[in-house]
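**Q** Each chain, letter by letter, is given below.
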Amino acid sequence: MAELSYRDAVALGIAQEMRRDPRLVMLGEDIAGAGGVFKTTVGLLDEFGPMRVRDTPISEQAILGAAMGAAMTGIPVIAEIMFSDFLAVCWDIVANEMAKSRYMTGGQVTIPVVIRTANGAGSRFGAQHSQSVENWCMMIPGLKVVAPSNPADVVGLMAAAVRDPDPVVFFEHKSLFATKGEVPAGEIVDELGVATTVRSGTDCTIAALALMVPRALEAADRLAEEGISAEVIDVRSLVPLDTQTILGSVSKTTRLFTVEENPRLCGWGAEVASIVAEEGFWDLDGPVVRITTPHIPLPSAEALEDLALPSVERIYETIRKNLD
Amino acid sequence: MSTEIGDPGLHDYGLRTARLPAPVDASNADLDIPLDVRLSMYEGQQVLRQFEKRAYDLFMENLVKGTSHLSLGMEAIATGFGQAMHPDDYSFATYRGHAHTIARGAPLGPVMAELLGRENGILKGKGGSMHLTSVEHGMMGSYAIIGAHLCIANGAAWSAQMRGTDQVAVAFFGDGTTNIGAFHEALNFAAIWDLPVIFVCENNLYMEYTPIDLVSAVPNPAADRAAAYGLDRIVVDGNDADAVYQVATSVFERARRGEGPSLVEAITYRHGGHSRADPGKYRPAEEVEAWLERDPIPMYHQRMLALGIAESELSAIQQSVAERVEKATEFAKQGAAPSAEQLLVDVWSDGGASWRN
Chain H
1063 MAELSYRDAV
1073 ALGIAQEMRR
1083 DPRLVMLGED
1093 IAGAGGVFKT
1103 TVGLLDEFGP
1113 MRVRDTPISE
1123 QAILGAAMGA
1133 AMTGIPVIAE
1143 IMFSDFLAVC
1153 WDIVANEMAK
1163 SRYMTGGQVT
1173 IPVVIRTANG
1183 AGSRFGAQHS
1193 QSVENWCMMI
1203 PGLKVVAPSN
1213 PADVVGLMAA
1223 AVRDPDPVVF
1233 FEHKSLFATK
1243 GEVPAGEIVD
1253 ELGVATTVRS
1263 GTDCTIAALA
1273 LMVPRALEAA
1283 DRLAEEGISA
1293 EVIDVRSLVP
1303 LDTQTILGSV
1313 SKTTRLFTVE
1323 ENPRLCGWGA
1333 EVASIVAEEG
1343 FWDLDGPVVR
1353 ITTPHIPLPS
1363 AEALEDLALP
1373 SVERIYETIR
1383 KNLD
Chain X
15 MSTEIGDPGL
25 HDYGLRTARL
35 PAPVDASNAD
45 LDIPLDVRLS
55 MYEGQQVLRQ
65 FEKRAYDLFM
75 ENLVKGTSHL
85 SLGMEAIATG
95 FGQAMHPDDY
105 SFATYRGHAH
115 TIARGAPLGP
125 VMAELLGREN
135 GILKGKGGSM
145 HLTSVEHGMM
155 GSYAIIGAHL
165 CIANGAAWSA
175 QMRGTDQVAV
185 AFFGDGTTNI
195 GAFHEALNFA
205 AIWDLPVIFV
215 CENNLYMEYT
225 PIDLVSAVPN
235 PAADRAAAYG
245 LDRIVVDGND
255 ADAVYQVATS
265 VFERARRGEG
275 PSLVEAITYR
285 HGGHSRADPG
295 KYRPAEEVEA
305 WLERDPIPMY
315 HQRMLALGIA
325 ESELSAIQQS
335 VAERVEKATE
345 FAKQGAAPSA
355 EQLLVDVWSD
365 GGASWRN
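So the protein sequences, as listed, match chains H and X.
Numbers in the working numbering are just positions in the first sequence, counted from 1, shifted up by 1062.
Numbers in the working numbering are just positions in the second sequence, counted from 1, shifted up by 14.
There's no promise every hint is true.
Said to hold, decoys possible - Simulated restraints, written as ranges between beta carbons of each label pair:
1) H:Pro-1203 <-> X:Gly-195: 23 to 31 Å
2) X:Gln-348 <-> H:Phe-1343: 44 to 52 Å
3) H:Asp-1347 <-> X:Ile-159: 42 to 50 Å
4) X:Val-51 <-> H:Met-1113: 31 to 39 Å
Derived from the structure by calculation, the hints contain no laboratory data.
Quick caveat: nothing in here was measured; it's all calculated off a predicted structure.
Every residue gets a Cβ at the ideal spot worked out from N, C-alpha and C, and that includes glycine.
Extracted from the complex, chain H is given alone in its bound form:
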């Protein structure tokens, strides 16, 4: 067990898998010599060499096309898209090619690609470098989607994503890179599609993802001071989605709050709310409440960006009022 930053956990997770599978390669902009613009790939060039850790031009379609073509001919690939916002410039390859080719060809091709990308707000980068776009990916049949909230999950879910034969979009949260956590020694292999209950409680369930998980936990601490016992679920994987953990929790607590960084419309919490409304309705003692970023492009100024994202205060206040 060692304390590690989320940032270093990314490199550790990749290195673990590249040591295990000598075929595995990675490519992306500034990932090799520079160690990544977020320093998440530091050390990989030295250990694995320039043929397995390759810098590319600023050509996102070429990056993901190369990843797909290599993967479908026997070479698993980790591809980095520097900011998740940039998925929009190569969306054809993500949404139309990688996601659909297996189905369209009657199962003839397999595409073991992990698309790693830095997601989310908190860096004051404005509307084109701060978005939470996990919901873009979630709505495309054929893509798996994960978003870890802590260093141990980064390593374990990276392994799960790499070992999964289907395309996986792996969201690393920019505002979590500097955070630290305990990471067990030795190989860590997690599982896609498993949510974790990170705090047990009896009065309400809070489902959160990535940066919203530590905020939900802090809000739960404050609610506890008021005598409200909140259960916090780290959703971790949007596709596959662990609905049973959420439904099971709601059957115990009778209330559900989702905390989502994405803009309001079609956020992952909307799907969770609809599943709970259909399948857990008789367990509920009150409405499902979604706590989200408003449906706006993200502003850059500190004061406005902070106002936009669900804060500990907003999570706490919303839940307290609703449980009154």
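Go by the hints and put chain X onto chain H.
**A** Chain X in isolation, oriented as in the chain H frame:
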């Protein structure tokens, strides 16, 4: 090239000056191509022609749903390149991919059945005309949104390079593709990594419905851009299988020697419109007529006769191809509609479609 926006002749396409084909280069008969290779290309072109004519007839009978994009008139390109490939090379095509799939040896029956949307189709009825794929024949897919597959072909070439094989990837695309960003990303990427990939532009003079010269900054939309990526300018008569084969052989050798990518522009013409919904009326009549005269298939027939092959041998090939197409049609027509179970199969590699527990 500058254009006068006000000139009606430029935009009423039927009034435009016809773009006429160059005459057949008679010296191509003297190229050093073995007779058995030529016979194989004769047969190959016959297969593509007869297959697609049948596919067209089946549309008219309303047995083929959706859309489809035929290569009638363009067969020499798929045939010449197909002939030059090794069995383990990789092909990538656009929605106009019937010819490229068949040229790699994919069986005619399952390909025809796919056009008819049957369960015995090569994609089990789930992809259709625009997505023909036969991985076991090296045909890695038909990609219906142009551009992406040039980047994907790079990946297959990169994989061959890493695995240390001498495989080459080939991406076929139309003239319209040269104006999409992915074309330029792919060429630069292939050049900087010295990838064993060949980009083949089938320039049939029209991006869908619009003359390509109206929407391109250079007269030869692929070849004139080669210099930007440090590549040679290669233009070939796409209606002469021998010329295509000759060029294909040389670019394959270059790729296998590890000297990197090539870009080939093959000049050709569609006999029909862009898709089955398009009668192609925007083309000057004189132009269509001249290109029908430059049909690659009768030309090749004449060349084979001149090379001493007997008419009876050629008609025997035609006859046997006709029988294969007939059998493929029967195979397709006898296929059942895909069963309901197919709907939720093969989203994921575990065979299923589940996204939750």
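**Q** Decide, hint by hint, whether the structure agrees.
**A** Cross-check of the supplied hints:
1. Between Pro-1203 of chain H and Gly-195 of chain X the beta carbons are some 26 Å apart, a value that agrees with the proposed interval 23 to 31 Å.
2. Against the hinted window of 44 to 52 Å, the Cβ-Cβ separation of Gln-348 of chain X and Phe-1343 of chain H comes to about 49 Å, which satisfies the hint.
3. Take Asp-1347 of chain H and Ile-159 of chain X: their Cβ atoms lie about 48 Å apart, and the range 42 to 50 Å holds.
4. About 37 Å separates the C-beta atoms of Val-51 of chain X and Met-1113 of chain H, a value consistent with the hinted range of 31 to 39 Å.
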